[in-house]
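J.: Okay, here's what each chain looks like letter by letter:
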Amino acid sequence: MKKERRKLDGNSFLLVITIVLFLVMYAAGCILFKTQGFAKTQNFLNLFISNAGLIVIAVGMTIVMITGGIDISVGSVVAMVCMILAWTMEMAGWGAIWSTVFVLAIGLVFGFVQGWLVAYLKIQPFIVTLAGMFFARGMTAVISKEMISIKNEMFLSWAQCKIYLPFGGYINKKGMLIKPYIYPSVIIAILVLIAVFLVLKYTKFGRSIYAIGGNEQSALMMGLNVKRTKLKAYMLEGFLASLGGFLFCLNTCSGFVEQAKGLEMDAIASSVIGGTLLTGGVGNVIGSLFGVLIKGTIEAFITFQGTLSSWWTRITIAAMLCFFIVLQSIFAAAKEKNKK
Amino acid sequence: MENIKKLTSKRLFMPLFCLAVMLIAAVIASPDFFKIGIQNGVLYGRIIDVVNRGSEVVILAVGMTLVVSASAGTDISVGAVMAVVAAVACAFTAGGQQSVNEYIRNPFLGALLAVLVGILCGCFNGFLVARLKIQPMVATLILFTAGRGIAQLLTNGQITYVRVESYKMLGSSIPGVPVPTSIFVTVLMVVLTMLLLKKTAMGMYIEAVGINSRAARLVGLKSTMIIFLVYAFSGFCASIAGLINSSRIYSADANNIGLNLELDAILAVALGGNSLAGGKFSLLGSVIGAYTIQTLTTTLYAGSVSSDQIPVYKAIVVVIIVSLQSPELGKLVRRLKAKFSARAGKGAVS
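Chains A and B, in that order, are what the protein sequence lines are. Here this note's numbering is used: the first residue of the first sequence is 1, the next is one more, and so on. Here this note's numbering is used: the first residue of the second sequence is 341, the next is one more, and so on.
Treat each hint with caution, since some may be false.
[To be verified] Part of the chain B face toward chain A, derived, beta carbon under 8 Å:
| # | residue |
| --- | --- |
| 1 | GLU505 |
| 2 | MET509 |
| 3 | ARG554 |
| 4 | LEU558 |
| 5 | LEU603 |
| 6 | VAL659 |
[Stated by the list, open to error] Each computed SDA-like pair below joins lysine to any residue, with the alpha-carbon atoms no more than 25 Å apart:
| # | chain 1 | residue 1 | chain 2 | residue 2 |
| --- | --- | --- | --- | --- |
| 7 | A | LYS227 | B | LEU672 |
| 8 | B | LYS473 | A | LYS145 |
| 9 | A | LYS261 | B | VAL652 |
| 10 | A | LYS227 | B | LEU493 |
| 11 | B | LYS473 | A | PHE323 |
| 12 | B | LYS538 | B | SER666 |
| 13 | A | LYS122 | B | LYS538 |
| 14 | B | LYS677 | A | GLY281 |
| 15 | A | LYS335 | A | LEU15 |
| 16 | B | LYS671 | A | PHE112 |
| 17 | A | LYS261 | B | ILE589 |
| 18 | A | LYS261 | B | ASN596 |
| 19 | B | LYS679 | A | ARG228 |
| 20 | B | LYS671 | A | PHE323 |
| 21 | A | LYS335 | B | ASN595 |
| 22 | B | LYS473 | A | THR316 |
| 23 | A | LYS145 | B | LEU352 |
| 24 | A | LYS261 | B | PHE680 |
| 25 | A | LYS261 | B | ASP648 |
| 26 | B | LYS473 | A | LYS34 |
| 27 | A | LYS227 | B | SER646 |
| 28 | A | LYS34 | A | LEU156 |
| 29 | A | LYS261 | B | ILE499 |
| 30 | A | LYS261 | B | LEU493 |
| 31 | A | LYS145 | B | LEU672 |
| 32 | B | LYS671 | A | GLN217 |
| 33 | A | LYS335 | B | ARG674 |
| 34 | A | LYS335 | B | LEU558 |
| 35 | B | LYS679 | A | PHE112 |
| 36 | A | LYS227 | B | LEU352 |
| 37 | A | LYS227 | B | LEU472 |
| 38 | A | LYS145 | B | SER647 |
| 39 | A | LYS227 | A | SER12 |
| 40 | A | LYS335 | A | GLY281 |
Calculated directly from the structure, the hints in this document are not laboratory data. It should be emphasised that the depicted structure is a prediction, and the values quoted were computed from it without experimental measurement. Every residue gets a Cβ at the ideal spot worked out from N, C-alpha and C, and that includes glycine.
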């Protein structure tokens with residue numbers, strides 16, 4: 001009994017709050033917008049479909065935030081990735097597979113440079129990634145200022161390949177069975193989520209990340225290679241950012257300069273709402289998933305409501321971010337007191 | 341040799357050196373850089389343009405310097421706060437209409453209200469950072485995310501125009517005075533802040549808190565209060581910059597006012613030779629840094645680089661500067677040198 005109680009400390013409590021919040025919000029949506037079909041299985045799956053890229057990016061963000069860092073370049077990296085995909089396929093005539101491999105490699109390199117600056121030169125992650133953010137966004141404009149739509153057949157076939165689920169269907173008015181469907185991007189996102197969850201939980205690399213985030217000095221004294229682990233974390237993050245960008249591009253099938261503006265804030269907010277501590281050392285990718293879903297639900301609310309401006313999404317997310325940050329700091333203060 | 345060493349070890353040497361390099365580059369890029377003429381009774385020329393357009397960055401940098409010094413963090417909400425302030429000013433003076441040709445309400449009252457809102461935003465940041473001990477960057481992230489949304493709501497998602505000559509004066513010039521108004525405002529802001537810091541002990545307090553906030557508290561300084569005030573001041577600076585920018589375009593464009601200016605301000609602080617890890621600071625350095633950046637921006641514009649490509653260059657400059665500032669780089673270079681000389685030594689022996 002005692003063990004069970006101890007398990008639910010402040011951080012798990014935050015995760016529980018997040019999950020409950022999501023369920024309550026979704027239930028409220030189902031009741032409020034019952035006639036418009038909010039409760040349909042497809043609507044729930046749409047949360048995943050429209051946010052597949054963000055899930056992957058938020059997972060990457062969580063990794064970096066556990067090390068005690070932050071990466072605000074992801075939104076721009078997504079824009080750059082989409083633009084490179086569009087440009088290489090449409091202007092340079094590359095195949096879809098080569099373009100994809102190329103952008104993933106670019107993500108790795110981007111992560112490597114940022115990680116090297118953070119880990120080996122000990123520059124504040126915020127400053128490094130701020131520069132990265134401006135660099136990537138600027139590069140997008142350098143490649144092309146015009147919007148490029150992707151017409152590559154193979155790429156479009158990836159984007160439009162519907163995978164029907166065997167359950168959750170319903171019969172429509174004409175008596176036809178409508179099955180809910182997802183896109184391959186959702187499957188990739190879920191696989192990434194599971195893989196990172198396992199890596200963080202069961203591998204040496206994953207545990208080192210937590211150790212470094214908890215206390216860098218102690219981690220160093222324990223004999224962990226702090227610099228290399230951090231570098232690896234940022235590289236993984238850069239890779240996930242470009243993969244997220246690829247998934248994002250599957251949704252939009254185009255590249256333009258203003259794309260994914262503010263996405264980094266969504267990713268950070270999702271991680272924080274999901275219980276990742278900003279000071280590092282604590283975090284869970286499952287929480288981040290729910291953070292993304294909450295953001296998706298807010299967006300769905302606004303779409304279904306119809307009259308609210310899209311700016312309310314940003315304001316609601318900021319308010320929620322504020323709420324959770326304050327909650328975190330209260331928990332941290334309580335912990336300090338307990339120690340004394 | 342001795343003299344050179346003395347000169348290079350001066351605090352403001354690096355910032356001034358950067359500015360000089362930038363100016364030389366600007367002159368090479370466009371030979372008429374220093375030419376000053378008079379057009380419509382106002383000074384005109386590229387150098388004037390730099391000083392004029394640089395006003396917002398300088399004012400923001402003043403606030404940012406103190407924030408960086410006291411809290412070892414940055415206030416990334418300043419650009420968004422500028423948008424909010426502009427929205428308040430325009431929405432108030434235009435009385436909620438989208439475009440007006442005369443004031444519906446008193447413009448001074450509007451400006452005052454706008455500045456108050458700006459300070460309030462700063463206080464919000466300050467409360468989160470000082471009282472709740474949240475990392476500065478994350479605390480200001482909230483307004484960074486929400487600010488433009490709030491500004492959109494205030495202006496109903498549209499650009500609100502105040503097409504009145506006197507509203508444009510702050511951003512352009514007062515009739516009969518050849519120097520752009522914003523330059524006066526900037527000088528006033530910088531001088532007043534400097535006096536405040538030098539004539540009172542405030543500057544020392546801020547540095548003390550930045551170097552070690554616990555120790556500062558133990559010697560009797562109210563660290564929390566000082567950090568709070570610094571953020572409120574940054575909000576004040578952002579609101580002045582917001583008013584100037586709004587006056588320039590005689591409107592409130594929630595999406596574009598102050599866009600990316602937070603980076604410029606942070607960059608100015610770093611270029612000014614101030615450590616982003618807090619502690620000692622040089623306000624003059626930041627001001628020089630701000631003008632350096634404005635020179636870079638203006639030169640790039642003149643070199644037909646479009647506004648959305650400029651960030652690439654700025655990002656590269658930031659990375660180079662902060663890398664040079666990093667003490668780790670020195671260690672790394674020394675280690676590499678040692679390695680090479682060891683290898684060379686071995687080669688000589690064998």
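J.: Evaluate each hint against the coordinates.
T.: Evaluated hints:
no.	hint	in the structure
1	GLU505	violated, 32 Å
2	MET509	violated, 31 Å
3	ARG554	violated, 14 Å
4	LEU558	violated, 17 Å
5	LEU603	holds, 6 Å
6	VAL659	holds, 5 Å
7	A:LYS227 to B:LEU672	holds, 13 Å
8	B:LYS473 to A:LYS145	violated, 42 Å
9	A:LYS261 to B:VAL652	holds, 16 Å
10	A:LYS227 to B:LEU493	violated, 45 Å
11	B:LYS473 to A:PHE323	holds, 14 Å
12	B:LYS538 to B:SER666	violated, 29 Å
13	A:LYS122 to B:LYS538	violated, 33 Å
14	B:LYS677 to A:GLY281	violated, 36 Å
15	A:LYS335 to A:LEU15	holds, 17 Å
16	B:LYS671 to A:PHE112	holds, 20 Å
17	A:LYS261 to B:ILE589	holds, 24 Å
18	A:LYS261 to B:ASN596	holds, 13 Å
19	B:LYS679 to A:ARG228	holds, 20 Å
20	B:LYS671 to A:PHE323	violated, 42 Å
21	A:LYS335 to B:ASN595	violated, 41 Å
22	B:LYS473 to A:THR316	holds, 23 Å
23	A:LYS145 to B:LEU352	violated, 39 Å
24	A:LYS261 to B:PHE680	violated, 46 Å
25	A:LYS261 to B:ASP648	holds, 13 Å
26	B:LYS473 to A:LYS34	violated, 43 Å
27	A:LYS227 to B:SER646	violated, 38 Å
28	A:LYS34 to A:LEU156	violated, 33 Å
29	A:LYS261 to B:ILE499	holds, 20 Å
30	A:LYS261 to B:LEU493	holds, 19 Å
31	A:LYS145 to B:LEU672	violated, 39 Å
32	B:LYS671 to A:GLN217	holds, 19 Å
33	A:LYS335 to B:ARG674	violated, 43 Å
34	A:LYS335 to B:LEU558	holds, 23 Å
35	B:LYS679 to A:PHE112	holds, 24 Å
36	A:LYS227 to B:LEU352	violated, 33 Å
37	A:LYS227 to B:LEU472	violated, 30 Å
38	A:LYS145 to B:SER647	holds, 11 Å
39	A:LYS227 to A:SER12	violated, 29 Å
40	A:LYS335 to A:GLY281	holds, 15 Å
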